[in-house]
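Trainee: For this one, chain Y is given, so just place chain W on it according to the hints.
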Amino acid sequence: MAFIPDWWRDFHRRFPGTAQAGLALAVVLLAGAFFHAEGSFFEWGTHRDMLRQVSVYGILACGMTLVIIAGGIDLSVGSVLALCGVLFSLGVIHWGWPGWLAAAMTLGVGALCGAASGIATAHFRVQPFIATLAMMVFARGMAKLVSGGQKVSTAIQGADGSYEYVPTPASFEILNARILGDNIAIVTIVFLLCAIVCWFLLSRTVLGRRLYAIGGNEEAAWLSGIPVKSSKVLAYGLSGLLCAVAGMCQAGQELQGDPEAGAAYELTAIAMVVIGGTTLRGGKGSVGLTVIGVLIIGSLEKILSINAVGEETRLMLTGVIIIVAVMFGKR
Amino acid sequence: MRSLFVLSLLCLSSVHGQSSRTWTVGMSQCNLGEPWRVQMNADIRRAADDHPELTVMFKDAQNDNLRQRAHIEEFLRAGVDAILVSPKEAAPLTGVVRDAYRKGIPVIVLDRRVLGEDYTCFIGADNRKIGRALGKWLVQRLGGKGKIVELKGLMTSTPGQDRHAGFREGIKGSELEVIFEADMKWLEPNARKEMESALARFSRIDAVYAHNDPAAHGAWLAARAAGREQEMLFVGVDALPHEGQVYVRQGILAASFEYPTGGKEAVETVLRVLRGEKVPKEITLLSRVFTRENVEQGGEELE
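From first to last, the protein sequence lines are chains Y and W. With the first letter of the first sequence counted as 1, position 9 gets the number 8 in numbering that gives the first Met the number 0; the numbers rise by one all the way through. With the first letter of the second sequence counted as 1, position 268 gets the number 267 in numbering that gives the first Met the number 0; the numbers rise by one all the way through.
Isolated chain Y (complex conformation) (with noise of 0.2 Å):
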């Protein structure tokens, strides 16, 4: 078709499917103009808070990103936020650990989850949904466990049932607050920096290449000569880190690590990877497009949240949206 130019042809190319995940965000923030909420929807504060609030999901949808592209899928990540967010609260709070430790120690746990899974995979051959679900259980539980079934909040509570209150600690201020002149949170740029990080990883290093390849076909990419098992050890390792960057960011944003938090966050970590147009058959898809995904949920919630639409609507709303985006993406 002469009439398309060379450089959208180009881009097209260079980008595969990043037109329609656009589209399909063009549409949402369209529908956003005309339902504005009296006029809420054109402030730069609704859209701060819009992606604030999906920064958590965000950072979950890179990690989630990269296994899905190896063809794999990881459902334990709400699980291993909560364990995740609860390990650092105690450190920070209950233990008195400086934050980088405490960070350090939950960067730690969180890729040991996400490689025990890899390993479950890669070596004995655990179909993933199985070998994450079984993560999933288990995290859960060890969450509950370390934190006796309670939030770790600056309320700690001694042998005789009295509370002893301690300053909020500093790395939950950092992690709460905003920068930028007020307009930007802390934890969107984490996000930020994760979603490039993976990108970087994806599009500009061999194991970027080498995931594309065992998604694509794994026993092609075995007899190329690509180490299929260490690299996916890796994906779930590095998916389980993010798991532990989220997990600190929902405890700085609540204030205390909640052994409760991430249900059913691995739900909407998947939707947002397909939106955005990575297939679940891996091979395909980008952390790129994965972002477009994150703001089309988070910019369809919003607008549902600031014009008070009913649970009910909201739900059959973003079922339609989901299917209808996905459908849209495949032409």
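Don't read these hints as lab results, they were simulated from the structure. Accuracy of the hints is not assured; some may be wrong.
Short derived list, chain W residues pointing at chain Y, Cβ under 7 Å [claimed, not checked]:
id	residue
1	Gly32
2	Glu176
3	Ile178
4	Asp182
5	Lys192
6	Glu193
7	Arg200
Quantities reported herein were computed from a predicted structural model and do not represent experimental measurements. Positions of the beta carbon are idealized from the N, C-alpha and C atoms, including for glycine.
Mentor: This is chain W only, laid out in the frame that chain Y set:
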């Protein structure tokens, strides 16, 4: 003289017999995912610790009706002396509760009901009454006028419906106006998100009524991030010692209305039944309100 001796011997032996008698009670909790239910089990455990003659076995049904039914059947086979149960849902558990009751095992039902009359005693609180009391308290506190945000639990759940309906009854006739309402599904992150929307839309909000304390805390975090937490009052429900009561002490919530777990009352009632005393068919728990003024004194009882 001799008869007196026999009598005192009898007395002694009966006293002795009572103190050496031990009972095993099964407690089936419908799920331990909610902090409130964790607290209920903790209250039962604490109350039972004061009675060495009582051993309580705990089981968690993880929100599964059929698993909970199986747990009660296991209790029956294990030959427990009494059963405490906080059912997930009425219909699926009515049958097994009836079986136990008809076999002569006392069954105390906690918080959520079963159908019919085949149980020993029901212990629970009244969400509608709590909602109504909260509404009246807010009317008084705001001088009969104000703009309210209501963050609802799940409107498909009875506690959500009752806390909503009761509140609307409580503010009826006043000039309190609910300007924004949203479901937050009992979860703090959702409450924060919805509150941000309310803050974006309305330049003045006088009070936030959240159906549970974590949601009220989430709303406070949203208002604080917008620099508007001093503008409004935050009021929640549940008043768990490590949650709502702590928020009130920290000055985050203006008040938290207790939704009592009934754990202590359950242990007291089961002991009375096992000792052969008569207990009422239904015990409605009294609720307390915790405010900044009275939280250190353990709150104040609602009428």
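Trainee: Indicate, hint by hint, whether the structure satisfies it.
Mentor: Results for each hint:
For Gly32 (chain W), the shortest C-beta to C-beta distance to chain Y is roughly 6 Å, which falls under 7 Å, so the interface hint holds. For Glu176 (chain W), the shortest C-beta to C-beta distance to chain Y is roughly 14 Å, which exceeds 7 Å, and the interface hint is violated. With a cut of 7 Å, the hint placing Ile178 (chain W) at the interface with chain Y is violated, because the nearest CB-to-CB distance is about 9 Å. Taken as an interface hint, Asp182 (chain W) checks out: its beta carbon lies about 4 Å from the nearest beta carbon of chain Y, inside 7 Å.
The criterion of a C-beta within 7 Å of any C-beta in chain Y is met by Lys192 (chain W), whose closest approach is roughly 5 Å, and the hint holds. Satisfaction of the interface hint for Glu193 (chain W) is found here, the shortest Cβ-Cβ separation to chain Y being roughly 6 Å, below the 7 Å cut-off. Restraint check, Arg200 (chain W) versus chain Y: the minimum CB separation of about 5 Å is within 7 Å; hint holds.
Hints 2, 3 from the list above are not met by this structure, while the remaining hints are.
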